Amino acid sequence: MEITGKIIAVLPERGGVSQRTGSEWKVQEYVLETQEQYPRKMCFDVFGADKIAQFAIKIGDQLTVSFDIDAREYQGRWYNSIRAWKVERAATAADAPVGQVPFPPVPDAAPVDFSAGDSKDDLPF
Numbered sequence: 001m002e003i004t005g006k007i008i009a010v011l012p013e014r015g016g017v018s019q020r021t022g023s024e025w026k027v028q029e030y031v032l033e034t035q036e037q038y039p040r041k042m043c044f045d046v047f048g049a050d051k052i053a054q055f056a057i058k059i060g061d062q063l064t065v066s067f068d069i070d071a072r073e074y075q076g077r078w079y080n081s082i083r084a085w086k087v088e089r090a091a092t093a094a095d096a097p098v099g100q101v102p103f104p105p106v107p108d109a110a111p112v113d114f115s116a117g118d119s120k121d122d123l124p125f
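For the record, in the sequence shown the residue sitting at position 94 is 94 according to UniProt numbering, with numbers rising by one throughout.
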């Protein structure tokens with residue numbers, strides 16, 4: 001799944017040592033807000049010190065986040081986890097090359113007259 005929006009909060013990094021493997025782990029959570037008529041907020045996490053450094057997410061970044069959703073049970077309650085696996089910087093107007101028009105101009109074409117019916121037209125409407 002994917003979502004695009006602006007990072008509005010960077011939560012503190014958490015870490016620890018795995019009880020099963022004994023290796024260290026780190027996770028950081030971020031809050032993204034969509035830029036729609038009715039904005040939505042989503043909290044997602046990035047797992048692993050290497051991914052946290054690779055993505056280098058900061059407040060104000062415009063991002064497209066690819067993520068997986070998973071749920072787990074703990075003491076009779078269920079918790080959702082939204083884990084990002086790919087983060088891309090969203091293209092903005094400032095990123096466009098200078099002097100380039102976003103849509104190329106369309107050459108003038110002769111107008112088509114749709115009022116003159118087609119004798120082969122056998123559509124019922």
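Incorrect hints may appear among the rest.
Derived Cβ-Cβ restraints for the label pairs, each shown as a range [what the hints assert, rightly or not]: (1) 26 with 73: 22 to 30 angstroms; (2) 41 with 18: 26 to 34 angstroms; (3) 75 with 35: 14 to 22 angstroms.
None of these hints come from the bench; they were simulated from the model. Just so we're clear, the structure is a prediction, and the values are computed from it rather than from any experiment. No residue lacks a Cβ here, since even glycine has one placed at the ideal position from N, Cα and C.
A quick look at each hint next to the structure:
no.	hint	in the structure
1	26 with 73: 22 to 30 angstroms	holds, 24 angstroms
2	41 with 18: 26 to 34 angstroms	holds, 30 angstroms
3	75 with 35: 14 to 22 angstroms	violated, 38 angstroms
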